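**Student:** What follows is the residue order along each chain.
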Amino acid sequence: MGQLRKPPLLVEALMLLLALLFLLPVCYLLMMSIKQPAIFYDPFKLPNQLYLEYYKAAFQDVAFFRGLGNTLYVTLGGLVLTILVASMSGFVLARMNQRFFRYVFLFILSGLIIPTVGSLIPMFKLAIALELINTRTLLVFMAAAAGIPMATFLYSAFTKSIPRELEESAAIDGCGRLRLFWMIIFPLLMPATGTFVITNIYAAWNDFVTPLIFLNDPSKMTLMPQIVQFMANKQSINLGPVFALSVLSVLPLVVLFLFTQKYMLKGLVMGSVKG
Amino acid sequence: MNQNRRLYLSGVLFLLPALLIFGMFFYLPFLQSIYYSFTEWNALKPPRFIGFDNYVNLLKDQRMKDGFFNTMKMVAFGVIVQNTLALFLAVMLNKPFRTKAFLRTSLYLPIVISLVVTSIIWGQLLNYEGLFNGILIRLGLESIIQDWLGTVQTSFPTIILLTQWQGIGYCAIIYLAGLQSIPNDIYEAAEIEGAKGFTLFRTITLPMLMTTVSVVLFLIVVGGLRLFELPYILTNGGPGTSSYTLFLAVYNAAFQNTQYGYATAASIVLAFFIIIVAIVQLRITSKREVEL
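Order-wise, the sequence lines are chains A and B.
First residue of the first sequence: 1, per our numbering; consecutive thereafter.
First residue of the second sequence: 276, per our numbering; consecutive thereafter.
In case anyone wonders, no lab produced these hints; they're calculated from the structure.
In this text the structure is predicted, and so the values were computed from the model without any measurement.
It cannot be assumed that every hint is accurate.
Covered stretches of chain A (chain B as the covering partner; in silico rule of three or more C-beta atoms under 8 Å from a C-beta of chain B) [to be verified]:
| no. | segment |
| --- | --- |
| 1 | 79-91 |
| 2 | 156-167 |
Looking from chain B toward chain A, a few residues come up when the C-beta cut is under 8 Å (computed) [as the list claims (entries may be wrong)]:
| no. | residue |
| --- | --- |
| 3 | Ile325 |
| 4 | Asn332 |
| 5 | Pro371 |
| 6 | Phe377 |
| 7 | Ser381 |
| 8 | Val387 |
| 9 | Ile508 |
| 10 | Val525 |
| 11 | Asn527 |
Beta carbons: idealized from backbone N, C-alpha and C, even for Gly.
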């Protein structure tokens, strides 16, 4: 829409103002993590020194790196497992059109509209029965189960843009189906993988409810419940260390976001065209 | 024939891992939850079938009622306000601003901040002695300052507004993706015909964007129905039951009062709401979608 005309300066100024308003809370988060105790609760005093004690306290009182490790484990584990199984299912469901496969596709897609809220309590019971309660493995499987519908949908949509001849010629060369998929098809499905990762990694990293319900061992806890727990223990004194811990937990995602935001939009554009 | 059979079998094998995980950790608990919602089940007693009692009791529970109406308010606000603002913002961000990269980055950045951290930031900003009230005082608006999250009338509206900090940017980025997938030559053709401004938006952008609209609306509705972190951390549903959401009520009934059967019934109500909304919405928007 009028792609070439630049908008008037006044409009640009208004947009900048809006952008600053959106940024303000992020700056506030950073500022509160270095604001010395004497002025911590005075909203109009800005920190005039780099006060790093809160970070020290955060590292001392909370097993930050353990939490980070657990968060990485659960986040990446869930994404990898989803990608491994859903790329295969998405590929097959795009290629096969017998009745059985059509029904399976509908069955999996129905997961897109069934919310997981209702399943939390039976899941709790199931986890106890499977002896998976209070394990990170359970969280990985739950993340995969919840991610499979969307991922399968994406992979099947992208598979349709890969020419069938490729598989046929590879099959003639005596390549087994499984090897054919992982060696030839899966690399071509990279855009689907990228779209899935970029649109899911933030929610996975930031998940609070699942670990809150299914983990209780502090040594397995991920970052988000750790922060809330830390805050609950700190009620009486100043929240500086909580802010420091929050900054630390957000930092990896901000870095990731700044590097991948271009692809995020591209991935979504591709996703929406295919979808 | 043999070849086809082998292809079919290998297809089934390819599906197996996904089906196993999905069936075991998604569908099975979902189906079980339907049964458990008709049982009395708590920490002391194993599930016992009691028919519709749980559902009847839901209607008498103030937390559930407030949770239900608050959740509906959240969804309505999201569908009307958040959706419109996000679309507007996306249209703006699609224009060639000189500072386009900065604008986009700063409007999207809140997306990556978790709801936990969002709660911590805004809880502090909206404190009685916090920055927000401080600014109001300096502007001479001392009469309206209050404990925004600690007052019955303002706690839930405040939480709704807080969801927008991330929500608008999140939906705007999806709308922007939708806008960019509309081929430019359609606009050029229409401009040659003399269409411009809002006419272009109404006759081309909006119809071409219908799929994206349905995606965004779906995300807003589902997100609104599972609003949990902000009230859990900021108000724990209070003061009184004024900022309860349905999800928070389910959580508290299950994991604080160990009324598992009862909580499951509440979550089934929530789940069926989402499913019905999704189906209705798919019906409505798929009729309006324009195929490229």
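**Student:** Which hint numbers does the structure go against, in order from smallest to largest?
**Tutor:** Violated: hints 2, 3, 4, 11.
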